[in-house]
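Enquirer: Listed below are the residues making up each chain.
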Amino acid sequence: MAEFLQFAFSGLTVGAIYALVALGFTLIYNASDVINFAQGEFVMLGGMVTVFLLAAGVPLPFAAFLAVAATVVVGLALYRLAIEPARGASAVTLIIITIGASILLRGLASLVFDKSFHSLPPFAGSRPIMIGGAAVLPQSIIVLVGTGTLVLALWLFLSRTLIGKAIIATAANRLAARLVGINTGAMVGLSFAVSAAIGAVGGILVAPITLTSYDVGTLLALKGFAAAMLGGMGNPLGAVVGGLLVGLLEGFGAGYLSSSYKDAIAFIVILAVLFAMPQGLFGRAHVERV
Amino acid sequence: MRRLLASPYFVVIALTLAVLLMPLVLHSTFYLRIATLVFIFGLAVVGLNLLMGFAGQVSLGHAGFFGIGAYAVAVGPTSLGVPSWLALIAGALGAGVIAFIIGRPILRLRGHYLAVATLGMGLLVALLFNNEADWTGGPDGMQVPRLYVLGWRVYGPHAWYWIAGTSLVVGAWLAVNLVASPTGRALRAIHDSEVAARMLGVDVTRYKLAAFVLSAVFAAIAGSYLALFDGLVTPQEAGFLRSIEFVTMAVLGGLGSIFGSVVGAAMLVVLPQVLTVFQDYEHIMLGLVMIIVMVFLPQGIIPSITALARRRSL
Numbered sequence: 269m270a271e272f273l274q275f276a277f278s279g280l281t282v283g284a285i286y287a288l289v290a291l292g293f294t295l296i297y298n299a300s301d302v303i304n305f306a307q308g309e310f311v312m313l314g315g316m317v318t319v320f321l322l323a324a325g326v327p328l329p330f331a332a333f334l335a336v337a338a339t340v341v342v343g344l345a346l347y348r349l350a351i352e353p354a355r356g357a358s359a360v361t362l363i364i365i366t367i368g369a370s371i372l373l374r375g376l377a378s379l380v381f382d383k384s385f386h387s388l389p390p391f392a393g394s395r396p397i398m399i400g401g402a403a404v405l406p407q408s409i410i411v412l413v414g415t416g417t418l419v420l421a422l423w424l425f426l427s428r429t430l431i432g433k434a435i436i437a438t439a440a441n442r443l444a445a446r447l448v449g450i451n452t453g454a455m456v457g458l459s460f461a462v463s464a465a466i467g468a469v470g471g472i473l474v475a476p477i478t479l480t481s482y483d484v485g486t487l488l489a490l491k492g493f494a495a496a497m498l499g500g501m502g503n504p505l506g507a508v509v510g511g512l513l514v515g516l517l518e519g520f521g522a523g524y525l526s527s528s529y530k531d532a533i534a535f536i537v538i539l540a541v542l543f544a545m546p547q548g549l550f551g552r553a554h555v556e557r558v
Numbered sequence: 005m006r007r008l009l010a011s012p013y014f015v016v017i018a019l020t021l022a023v024l025l026m027p028l029v030l031h032s033t034f035y036l037r038i039a040t041l042v043f044i045f046g047l048a049v050v051g052l053n054l055l056m057g058f059a060g061q062v063s064l065g066h067a068g069f070f071g072i073g074a075y076a077v078a079v080g081p082t083s084l085g086v087p088s089w090l091a092l093i094a095g096a097l098g099a100g101v102i103a104f105i106i107g108r109p110i111l112r113l114r115g116h117y118l119a120v121a122t123l124g125m126g127l128l129v130a131l132l133f134n135n136e137a138d139w140t141g142g143p144d145g146m147q148v149p150r151l152y153v154l155g156w157r158v159y160g161p162h163a164w165y166w167i168a169g170t171s172l173v174v175g176a177w178l179a180v181n182l183v184a185s186p187t188g189r190a191l192r193a194i195h196d197s198e199v200a201a202r203m204l205g206v207d208v209t210r211y212k213l214a215a216f217v218l219s220a221v222f223a224a225i226a227g228s229y230l231a232l233f234d235g236l237v238t239p240q241e242a243g244f245l246r247s248i249e250f251v252t253m254a255v256l257g258g259l260g261s262i263f264g265s266v267v268g269a270a271m272l273v274v275l276p277q278v279l280t281v282f283q284d285y286e287h288i289m290l291g292l293v294m295i296i297v298m299v300f301l302p303q304g305i306i307p308s309i310t311a312l313a314r315r316r317s318l
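Chains as they are written, first to last, in my numbering: chain A, 269 to 558; chain B, 5 to 318.
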């Protein structure tokens with residue numbers, strides 16, 4: 269049982285970050301139909317900017333805040349300079365633009381920062397807490413609580429505020445949203461900003477556990493994308509569940525079966541789910557108009 | 005001249021001329037090497053374009069098939085005693101059979117779901133090469149024995165230039181023929197609307213599967229060539245980044261344009277070589293070029309330029 273809990277906690281910690289990346293994918297996808305493969309770079313920027321500001325003597329909370337702000341600026345710039353000018357292009361063209369952006373951001377990060385691995389000091393010490401026989405790092409709990417808070421805040425923002433409802437309206441039907449006076453362009457931009465902020469917070473929370481470097485984004489984008497698809501693209505709840513599931517599968521796969529095949533185990537399950545449910549766990553059936 | 009330009013075989017003729025004439029200009033083996041790489045990747049991308057540009061199905065896992073071809077000519081001769089040429093054929097057939105088997109369930113998925121399923125498939129192949137170190141040498145990769153054909157040792161950029169160049173011309177010719185045939189029409193109908201195509205009596209499943217298998221075979225042959233040419237193969241050849249690179253080449257050059265595939269491949273092979281003069285700025289430039297090309301030529305280089313030229317002439 270202790271072993272089971274141990275694997276579950278390590279899986280959930282990683283899964284929480286996948287969930288945040290998947291949530292970022294979902295927000296941008298809903299608002300603009302773009303699959304943003306630079307989503308992982310938002311996570312990287314959050315971690316790396318904090319690390320370097322901290323090293324420059326900025327206190328941690330302030331450094332974290334600045335890192336999120338910087339990432340939001342990058343997200344907005346991505347939308348303004350690369351996505352908006354290509355409006356009307358096919359989905360695959362937009363994907364290549366975001367891949368280009370991710371290569372660009374990685375290049376910039378390796379230049380502005382460096383190419384080695386960095387870590388943040390744990391926010392609440394490194395003495396493990398024993399839960400049911402499993403040793404859990406305080407930072408893991410911070411990651412889980414932080415993710416939960418972020419998801420809750422996002423849900424409140426989308427369902428309780430006028431701006432949030434305008435984002436949802438834009439996602440549901442852009443033309444109809446514009447007809448009732450919503451500035452849809454601004455809403456899509458806002459989705460990029462929120463998405464960037466979520467990614468950056470995830471990157472800061474997880475940096476003390478998994479280390480960060482200029483190129484951690486690719487793998488996170490890949491896992492986050494898979495998680496979003498597993499949950500059902502476009503469904504925020506699906507993204508969170510999908511992320512946690514992929515994390516848990518990796519945790520248990522690595523613990524009980526083979527650590528070198530943990531990714532394989534996660535993807536075999538994803539493939540099996542998609543074969544049985546081609547729209548993901550929470551996705552709606554796709555109806556094509558002819 | 006007009007009719008020649010409009011002919012679907014113009015691509016084949018242009019490519020043949022390019023392959024024949026380039027050695028007159030490219031004097032150093034370095035340039036020949038680059039040209040050979042362009043041909044090899046071009047071959048894989050032409051195949052992928054049949055799937056993506058004509059049948060409209062995305063694959064983020066084609067490096068898996070590329071890797072199967074590459075490791076076939078590495079593991080076959082080293083561990084199984086199979087001669088390289090036979091291993092190459094076996095790799096291509098094996099990739100085709102695997103594509104046929106997994107194609108049926110996978111191609112039922114649409115759009116991004118298909119993308120993630122192919123991504124998973126490619127990842128599984130790469131993991132296998134990475135972890136079965138007894139066979140594949142693990143993450144460091146393994147040496148690939150040279151190819152012998154009728155006792156002649158195929159080695160160096162000169163020999164491979166002609167092999168890859170000829171293969172690319174033949175591959176492009178096959179692709180052009182296929183596109184102009186009823187099969188090509190059926191594929192394009194599927195691209196435009198699956199439901200409408202099905203209504204017209206097109207066997208959608210069969211044609212999608214055919215495009216998938218064919219593109220897998222193209223990728224596997226290209227993979228074998230690269231492994232034999234380089235004399236070394238690593239799991240990265242089957243990795244996610246390689247898959248993304250193929251898709252990027254196809255989209256940059258232009259989906260649905262065979263010539264575009266070669267142009268896209270040329271761009272992503274040559275550009276990093278040119279950009280090395282920028283040293284640390286290399287990736288920044290590469291990312292910028294990708295964004296700028298896609299923003300200003302959203303249909304890809306060749307289709308966008310053709311459309312511009314047509315508008316000009318009217």
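These are calculated hints, taken from the structure and not from any lab test.
None of these values were measured; they are calculated from a predicted model.
We put the beta carbon where it would ideally sit given N, CA and C, even for glycine.
Incorrect hints may have been included.
What the simulated footprint calls covered on chain A by chain B, stretch by stretch (three residues with Cβ under 8 Å from a Cβ of chain B suffice, anywhere in the stretch; the number is not a length) [what the hints assert, rightly or not]:
hint, stretch
1, 412-422
2, 445-455
3, 523-531
Far from chain B, some chain A residues (derived; all Cβ distances over 12 Å) [unchecked claim]:
hint, residue
4, Ala323
5, Lys383
6, Arg442
7, Ala496
8, Leu542
Part of the chain A face toward chain B, derived, beta carbon under 7 Å [unchecked claim]:
hint, residue
9, Ile365
10, Val380
11, Phe381
12, Phe385
13, Leu490
14, Val537
Enquirer: Looking back at the hints listed earlier, which ones does the structure fail to meet?
Expert: Violated hints: 1, 2, 5, 7, 8, 10, 11, 12 and 14; rest satisfied.
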